[in-house]
Amino acid sequence: MRLLEGCRVLDLGIITAGAATAALLADFGAEVIKVESPTYRDPFRVWSAQDEPGAMPPLFRATNRNKRAISIDLKRPEGQAILLRLVRRADVVVENFRRGVMEGLGLSFARLREANPDIILASISSQGEAGPDAGHVSYGSTLEALSGLAWVTGYEGGKPEVSGRDVNYPDQIVALFAAGAIATALRSVRNGEGGSHLDLSQRDLAAFMIGDRFAAASQGAAVSRQGNAQPHYPLQDCFLAADSIWVALSVPTSALPLLSDGLAVGDSDRPDALRKAVAAATAARSAREAVSFFVGLGMPAAIVNDGNGMMADWGEAWQHALQRDEQGLIVKGFPLQVDEAPLAIERPAPEVGAETYAVLAEIAGYSRSEIAGFAAAGIVETAR
Amino acid sequence: MTARRPYAGLTVAEVISDAADDALVLAAGMAGRILADLGAQVLCRQGRERGFDDSTELFLSRGKAMSNESVGELLGRADVALVDGAVLRERGRAGLPPVTAVLSLFGGALAESGGPASAFTAAASAGLLAMVGDPQREPLRLGGHQEAFALGLSAYAGLAAALVSARPEGVPVTIRASLLETLVWLNWKAVPLEGYEVLPARTGAAAEWQVLRCADGYAVLVYQEPDWPRLKAALAEPALEEPRFATRAGRLGHLAELAAIIERRFLTLTRREIHDLARQHRLPLGPVWSPADAFHEPHNRARGLFEPLGSDSGVKAPRLPLIWLDQAAARRVDVAVGAA
Numbered sequence: 001m002r003l004l005e006g007c008r009v010l011d012l013g014i015i016t017a018g019a020a021t022a023a024l025l026a027d028f029g030a031e032v033i034k035v036e037s038p039t040y041r042d043p044f045r046v047w048s049a050q051d052e053p054g055a056m057p058p059l060f061r062a063t064n065r066n067k068r069a070i071s072i073d074l075k076r077p078e079g080q081a082i083l084l085r086l087v088r089r090a091d092v093v094v095e096n097f098r099r100g101v102m103e104g105l106g107l108s109f110a111r112l113r114e115a116n117p118d119i120i121l122a123s124i125s126s127q128g129e130a131g132p133d134a135g136h137v138s139y140g141s142t143l144e145a146l147s148g149l150a151w152v153t154g155y156e157g158g159k160p161e162v163s164g165r166d167v168n169y170p171d172q173i174v175a176l177f178a179a180g181a182i183a184t185a186l187r188s189v190r191n192g193e194g195g196s197h198l199d200l201s202q203r204d205l206a207a208f209m210i211g212d213r214f215a216a217a218s219q220g221a222a223v224s225r226q227g228n229a230q231p232h233y234p235l236q237d238c239f240l241a242a243d244s245i246w247v248a249l250s251v252p253t254s255a256l257p258l259l260s261d262g263l264a265v266g267d268s269d270r271p272d273a274l275r276k277a278v279a280a281a282t283a284a285r286s287a288r289e290a291v292s293f294f295v296g297l298g299m300p301a302a303i304v305n306d307g308n309g310m311m312a313d314w315g316e317a318w319q320h321a322l323q324r325d326e327q328g329l330i331v332k333g334f335p336l337q338v339d340e341a342p343l344a345i346e347r348p349a350p351e352v353g354a355e356t357y358a359v360l361a362e363i364a365g366y367s368r369s370e371i372a373g374f375a376a377a378g379i380v381e382t383a384r
Numbered sequence: 001m002t003a004r005r006p007y008a009g010l011t012v013a014e015v016i017s018d019a020a021d022d023a024l025v026l027a028a029g030m031a032g033r034i035l036a037d038l039g040a041q042v043l044c045r046q047g048r049e050r051g052f053d054d055s056t057e058l059f060l061s062r063g064k065a066m067s068n069e070s071v072g073e074l075l076g077r078a079d080v081a082l083v084d085g086a087v088l089r090e091r092g093r094a095g096l097p098p099v100t101a102v103l104s105l106f107g108g109a110l111a112e113s114g115g116p117a118s119a120f121t122a123a124a125s126a127g128l129l130a131m132v133g134d135p136q137r138e139p140l141r142l143g144g145h146q147e148a149f150a151l152g153l154s155a156y157a158g159l160a161a162a163l164v165s166a167r168p169e170g171v172p173v174t175i176r177a178s179l180l181e182t183l184v185w186l187n188w189k190a191v192p193l194e195g196y197e198v199l200p201a202r203t204g205a206a207a208e209w210q211v212l213r214c215a216d217g218y219a220v221l222v223y224q225e226p227d228w229p230r231l232k233a234a235l236a237e238p239a240l241e242e243p244r245f246a247t248r249a250g251r252l253g254h255l256a257e258l259a260a261i262i263e264r265r266f267l268t269l270t271r272r273e274i275h276d277l278a279r280q281h282r283l284p285l286g287p288v289w290s291p292a293d294a295f296h297e298p299h300n301r302a303r304g305l306f307e308p309l310g311s312d313s314g315v316k317a318p319r320l321p322l323i324w325l326d327q328a329a330a331r332r333v334d335v336a337v338g339a340a
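Residue numbers (our numbering), protein chains in the order written: chain C, 1 to 384; chain R, 1 to 340.
The hints are simulated quantities; they were obtained by calculation from the structure and are not laboratory data. There may be inaccurate statements among the hints.
Stated by the list, open to error - Listed next, the stretches of chain C that the computed footprint assigns to chain R, with coverage defined by at least 3 CB atoms under 8 Å from CB atoms of chain R:
id	stretch
1	57 to 64
2	140 to 147
3	156 to 165
4	184 to 195
5	226 to 236
6	297 to 305
Stated by the list, open to error - Short derived list, chain C residues pointing at chain R, Cβ under 7 Å:
id	residue
7	Gly-131
8	Phe-208
9	Arg-213
We put the beta carbon where it would ideally sit given N, CA and C, even for glycine.
Let's have the full structure, built from the sequences with the hints guiding it.
Structure follows, in structure tokens:
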């Protein structure tokens, strides 16, 4: 039995933060129904580098596998009524719209709870439900700046750095945390505590992820950027190999004498000499040879992979973080696995409204003629 | 606002073997910290030397207790465990609690027998280092303990799903969470997805989003295509009206010059002024607050973001980033914000 089997999620999540949270719930076995609108699509449906008309963009395909899809016009009262009928038969609603959009659609938590006292509304936002910046527009790297994460990222003595638009780190980690928080809230409902509205702020989470740096700062420590250095690694950095590929190396204190001997540095207490020797040893070898050399001395070392390098390690150093769908195309996989209830890709990402008919009939209990009427009036949209 | 404690009554054991890398101790510590905040009694095995600083220890140990029981005793009475592969091998699955997360550095074929690795080398393998920093310089890690803490989030997500599953009592659930799987999952956009001919990589001064200097520090220039007209209006910088910046393609071809012009304008503004400008024009610009700044930020204060870590009320860190709102409490928060 899969872990969240029997749980039903209405996924109003878009782009990464909301949609990836719901995807994880689907991976755990929840029935996740992606809700779009005839007038509003998940923006990932149009963010594409491909010119091929009709092709599902890779970003959407990767983030929305394992979901069903319906399309309801939530701006119309009739559409809202349909959604609320689904809420009665659901456990969770996930959303990451701009703050105020849910209320503007007449879908506040109060209204959802009227429909279902045990409903969990997971509101994943940039900066939370309340606070003077709650309405401030932001993307992942904005939040790295505001949270303090950018302050502690950077070269020693250099300016702060962010993960940038191709990583958007806060958008990624929030899906891990929010999926856990929703599962925790489901337990709370099972404990008889009723539904809840979860305020999940990416800015709060990014700050929590450097909680130790805040603890240091509150004790008067000068918290600053350290490049690649970390405590208890007398030497940790990237070094350029002969083939112009970077090699990452962590030298623990216990390995210093061995490394000094291996490189004939002499005195392992001379960090500058050791760094120079490591740089020279790396520069004299290909990246692969350099990694073998350092690993042979018992030291953590790895090639700094680009995307192709990551793919080359698939199966060897990692297995399930990415998957291929039934067409053989790459989609997001799983950050973890479960021995007794393996996570798997069981269905590809859906077209808009692919199961509007089925979901409204099976779950909401509408008749075929009612659904046809909604479709004719443009309140719902069915797959073409 | 009420904080629920759905894990009250559960005992969680953090047991990472002495030989394991610190990244696994940090990851278990993060997952355990979250479970403790949500009501679990979390016990850490005493004795293992830890290779991180006191502030990290203080942050991760909030709400937990140290145990001097033997590993067998501790695991014998726990409902949930966070362990590494060596503990699993030594105890066997039957010697571990029904719900157990097994943490490792590698996944795949190397999950059981990977060579030496650290959080830093895992970030290299997962392509994350290649995404951050200046392309003319060495690849750069994110600050703090992002890799290990992200693994902690993975483990928490798996344990939370296990703890709500409707499985029959006593049926085990074993979560396998590895550092490399988690990091590859986070960095999924770096792989060659179909239709994307250029692999993403760090672009430094040629990035569309980058950190620029301002009058009293730094601010991040972040914007999407629809934001451009409002960005121009907000900055009121005539040079931004030049034809070469009129289209995204044009801007991509002149990113360094564009950044220099915007930085010149930023240097006339403080971070607070940039923040106010961003709010006024609905722009995603981000002033870079230091941790010391963040303690005093009105938004963080209104949200009660910081809490004491122990008996000394002056030692603070962010609370769990989860607020349980109910209707009445939500109204109270709105009122408080309106008054701020």
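We went through each hint and held it up to the structure:
1. For the stretch 57 to 64 of chain C, the proposed coverage by chain R is satisfied: 4 residues have a C-beta within less than 8 Å of a C-beta in that chain, meeting the threshold of three.
2. Check on the stretch 140 to 147 of chain C: 7 of its residues sit with their Cβ under 8 Å from a Cβ of chain R, so the three-residue criterion for coverage holds.
3. Counting residues of the stretch 156 to 165 of chain C whose beta carbon lies closer than 8 Å to any beta carbon of chain R gives 7, which meets the minimum of three for the stated coverage.
4. Restraint check on the stretch 184 to 195 of chain C versus chain R: 8 residues with Cβ-Cβ distances below 8 Å, three needed, restraint holds.
5. Judged by the Cβ-Cβ criterion of 8 Å, the stretch 226 to 236 of chain C is covered by chain R as claimed, because 8 of its residues qualify and three suffice.
6. Residues of the stretch 297 to 305 of chain C lying with their CB closer than 8 Å to a CB of chain R number 8, which satisfies the three-residue condition for coverage.
7. Interface hint status for C/Gly-131: upheld, as the beta-carbon distance to the closest one in chain R is roughly 4 Å, under 7 Å.
8. Checking C/Phe-208 against chain R: minimum C-beta separation of about 4 Å stays under 7 Å; hint holds.
9. Contact between C/Arg-213 and chain R, as hinted, is supported at the beta carbon level, the nearest pair being about 5 Å apart and thus within 7 Å.
Hint violations for this structure: none, all hints satisfied.
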